[in-house]
Amino acid sequence: KVHLYFSVFVADLLVYIPAVILYCFSLKETSTKKKASICALCILLYPGLILIDHGHFQYPLSLGFALWGVLYLSYDWDLLGSVAFCLALNYKQMELYHSLPFFCYLLGKCFKKGLKGKGLVLLTKIAGTVVVSFAVCWLPFCTDMEQIMQVLRRLFPIDRGLFEACMFSSPPPHLANIWCSLSVLIKIKNIVSPQTQLKLSFAVTFLSLLPTCIKLTVQPSLRGFKFALVSCALSFFLFSFQVHEKSILLASVPVCLIINEIPFMATWFLLVSTFSMLPLLLKDGLLLPYAVTMLAFLSVCVASFSIFEKTSAEDLQLKPFSLSLKGYVSWFKSFPKIVRSLFLLSVTLMGILSVLSAAVHPPQRLPDLFPVSVSIISCLHFLLFLVYFNVVILWDSKNSRNQKKIS
Amino acid sequence: WFRALALGVSFLKCLLIPAYYSTDFEVHRNWLAITHNLPLSQWYYEATSEWTLDYPPFFAWFEYALSHVAKYFDPKMLVIENLNYTSRATIFFQRFSVIFTDILFIYAVRECCRCVNGKRAAKDILEKPTFILAVLLLWNFGLLIVDHIHFQYNGFLFGLMLLSVARLCQKRYLEGALLFAVLLHFKHIYIYVAPAYGIYLLRSYCFTANNADGSLKWRSFSFLHVTLLGLIVCLVSALSLGPFIVLGQLPQVISRLFPFKRGLCHAYWAPNFWALYNAVDKALTIFGLKCNFLDPTKIPKASMTGGLVQEFQHTVLPSVTPLATLICSFISILPSVFCLWFKPQGPRGFLQCLVLCALSSFMFGWHVHEKAILLAILPLSLLSVQRAKDAGIYLILTTTGHFSLFPLLFTPPELPIKILLMLLFTVYSFSSLKSLFRRERPLLTWLETIYLLQLVPLEIFCEIVFPLTPWKRHFPFVPLLLTSVYCALGVTYAWLKLYISVLTERISVRQKVE
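Chains A and B, in that order, are what the protein sequence lines are.
For the first sequence, position 155 matches number 155 in the numbering used here, and the numbering has no gaps at all.
Quick note, the numbering used here runs 1000 ahead of the 1-based positions in the second sequence.
No lab work stands behind these hints: they were computed from the structure.
Incorrect hints may have been included.
[As the list claims (entries may be wrong)] Here are the simulated lysine-lysine pairs, BS3-like style, with alpha carbons at most 25 angstroms apart:
| no. | chain 1 | residue 1 | chain 2 | residue 2 |
| --- | --- | --- | --- | --- |
| 1 | A | K34 | B | K1128 |
| 2 | B | K1389 | B | K1290 |
| 3 | A | K92 | A | K1 |
| 4 | B | K1128 | A | K283 |
| 5 | B | K1187 | B | K1013 |
| 6 | A | K33 | A | K109 |
| 7 | A | K283 | A | K92 |
| 8 | A | K125 | A | K226 |
| 9 | A | K226 | A | K199 |
| 10 | A | K112 | A | K92 |
| 11 | B | K1497 | A | K35 |
| 12 | A | K283 | A | K246 |
| 13 | A | K33 | A | K226 |
| 14 | A | K92 | A | K337 |
| 15 | B | K1128 | A | K33 |
| 16 | B | K1389 | A | K35 |
| 17 | A | K1 | B | K1013 |
| 18 | B | K1389 | B | K1434 |
| 19 | A | K109 | A | K125 |
| 20 | A | K113 | A | K283 |
| 21 | A | K34 | B | K1076 |
| 22 | A | K1 | A | K283 |
| 23 | B | K1434 | B | K1128 |
| 24 | B | K1282 | A | K33 |
Predicted, not measured: the structure shown is a model, and the values here were computed from it.
Can you make the complete structure from the sequences, with help from the hints?
Structure, rendered in C-alpha cells:
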C-alpha cells in the first residue's frame, strides 16, 4: 500500500510538478522569481488534486501531460503540444473534455496564418503529428479490427444493454451536474425517453460550447485558449449525462493556470470544486486533510494574491462587459463590495455544510440530505462560474488589451 | 510573516495527526487516567500499568488539567484499567493537546527572535537572521517528529526554556529564573543545564557590577538579589514538592524520577560517548575472540544490543557505573562553567555555556535518550544565526542529531515523511545559513561535508538494502548500531569543536584585555 501511494507521488514529481513550476516561470506577468514561486506554491496546494491523487488514489499523469501540452503551446511549439495532448488523451479519455479548445485554438492559428501557404502547412504538420502519436500509442492493439473495437467499446460504453441500464436508473443525486440537480425537483426520466435525454444533453452541451469555440477559432489567443479550456470542461461537466465527481478536476486544473489573472474568482472556484467532492472525500475518510488543506489553500491565496483587494470589475476582467452594460445598469459602484460579500457568504455556507456533513446524522426521511445539498449548491456556483467565464471570453477583444498596453 | 510560518507549521502538525505514535502515547493516556481518578497521595504509587508516573509534580498537575478537558472527548480513556486504549477521539484529543500547547513554544520563539539582531540589515525578508531563526525553531525537524509523530509534550517545555533564555537576554533575570524553576519541576531532564543557569545568575545578577577589566567585583555582592532568587526557587519547589513532603512520600517520588535500574544505554544507543565506548568494547571482543585472547565461555550471552533495557557488563573495557558517568559529566561541564564565571560575555556566553552543559551531559550521562539531543540543538540555533563559526557547528550537530532520531520512526508509512521532512529542513538550514554568512569563510570544511554526505548512503543501506539481505535475522541490530556509532562521531566532533571555539575565544578576549 505504501508502495502504491509512493508511486503516485513519484509520478506527480516527474510529470505534474515540473509542468506547474515551468509554467509559472514562463508567465509574462510573474516577472520576478518570487512571484513565480508563490504562484507555483498556490497551484500545487490546490486541495482537490492533492486529496484525489494521494487520498482517493489516482495517477495525475493525464492532467500532467495536458499541462505540458498547454506549456508547449504557450511557447508556440505546436507540434510538441499536440504530441503531449495526444499522450494525455490516450492515457485517459476524460481528456476529451479539453480536446475541443485544443482543436479550435490550433485550427484558429492555422486560419490566421492564411489557409493557403503557411497555414495549410501547419495544419498538415499538426494532423500528421496527431495521427502518428495515436498510431504509436495504439500499436499493440492494432493487430486486428476486433481488438480495436473491443477497446473502444470499453472506453465508451454505449452498448445497447449497458446504455439502457444507465438510462433507466436515475442519475445519482450527489453529482454537481445540471441533470442530477434537476432530478431532485422533477423526474426527467418520466417526462422524456432515454434517447431524447441523451440527445438533449448532447445538444445543450454543444450549444454552451459553441460561442467559446467559435470565438477561439476566429481570434486565437493564448489567454482565450486558457479560458476556453475552463469553460469547455465546465460545460461538459455540467451538461454531460454520465459524469464522475472527479471530472471537476478537468475544469479546476485550467483554472489553476489562470490564477494569476483572476486570483479572486480562481480561488473561489477552486474552493467550490473541492467542496463539491466532499461526499466522495468523506467516504474515503479524508475529512481532516480536507479541512486542513482547504484552510491552508485559502490562507496562502489570501496572503499571496491579496484577493480581497482585487474584486473590482477591472480586476475580474469584466471591464469590457461592464462598459457595454453601463448604459443599462447603474449599480457598478458597489460591485466590489457585493462580490466580496457574496464570496464570504458562500465560504461560510460551504464551511457550515462541511461541518454538518461530517458531524451530524441526516434525518431519517432524507438520508441523502447532505450530499444532495452539497451538489445543488456546487451546481449553482458552477452555473454562475460558467456564465462568468463565457462573458469574459466573449467580451475579451483586442481593443481592451490594447487599452491596457497604452495605460 | 511570523504568523504565516506559525500557521503553516500548525497545519502540518494537524495533518500528522493520524500518523504512527509510539508507546509514549499510552504513557500519557495512563497519566491522564491516574491523575484524574486517584487522589494526590496515590499518584506516585500507582503501578497498574508499566508506565508509571516519572515526571515531577507540575507535569502531573498539567495532566490533571488536561484530563478535565479529556472527559468531553472520550471518558473511557480516563479509566486506568483501559490499557492501550486508543479510540479516534483519544488520538485526536491527545494530538490536538500537543498542537495546542505548542502555542507557548511559538510565543517563546517570537520572543527569541526579538533578542537576535543581525549585524547587517538585510532588505529581503528571507535573509534576515530573525526569519531564519524562526524557521529553524518553528519547523525544527527533530521537534516535529518527536512531538507530533512519536508523541511527547516537548513543545511547550522547550517553549518555557527558550522563554527563560529570552528573558535572561532581555535582562529580566527574575522572570528567567522563575521560568526555569517552573520548567525544572515539569521535566527534570533540564537539570542538565541547571549549572549554566545557576552560575550565570550568580555571576551576573548577584554580583551586579564588574571591574574595569571584566573580572569579578566581590564587593558588589547583592544580598537582596540572592534572597530574591532563593525565594523564587524555594517557592516553586514548595509548590511542587510540598504536598509530597507533607505526605512523607519524597523518597518514593525521587525513586520514580531517577530510575537508575535502567542500563547505561537505551535499547537503541543514543549517539554519545558511551555508544563509542560500547562499539570499541564490542570490536575488541570480536577481535579478542578471533585471536583467542579471550575465553568464549566467560563472555555473557546477553549482548547490549539485544534490544532490552537492562544492566549490562562490558567484556573487555571496564564496566561503567552510574557514579562514573556522573563524575565524567561533572568534569566535562567544569571548563565551560569556569569560563562563564571568570569571563562572562553576557547572554551569548550564557547560551554557549548552556549548550555545552547540555551537550556534555548528553555525551556522558547515564541512560541518555537520543531525544535529549534536542536540548542542545534548539539553543544552538539561537547562536547559529549570529556567528559563522557557530553556524558550522550547528549544521553538523543538527544533521547528525536529526539523523540519529530516525530509528524512532520505524514504520513503513512514516519513511517517506521523515525523509522528506529531514531533506526539507536540512536543505533549508544549509542554504539559508550559507547565504547569511556568504561573505565569510565557508561554513564547513571538505572533511565535514564528506562526513555529512555519507549519511545518505548510510540511510539507504539501513532502510532499503539491509532488510533485503539474509543478515537481517542474525544481526537485526546492525542498522541501529551503525546509525548510533556514526552519529556519535559527528556529535562528539561538534561537541569538541564548540568547546575549543568557546575556550579559545575566552583566551583571546582575555589577551586582548590584558
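Starting from the hint list further up, note which numbers the structure goes against and sort them upward.
2, 4, 6, 9, 10, 11, 14, 16, 20, 21 and 24
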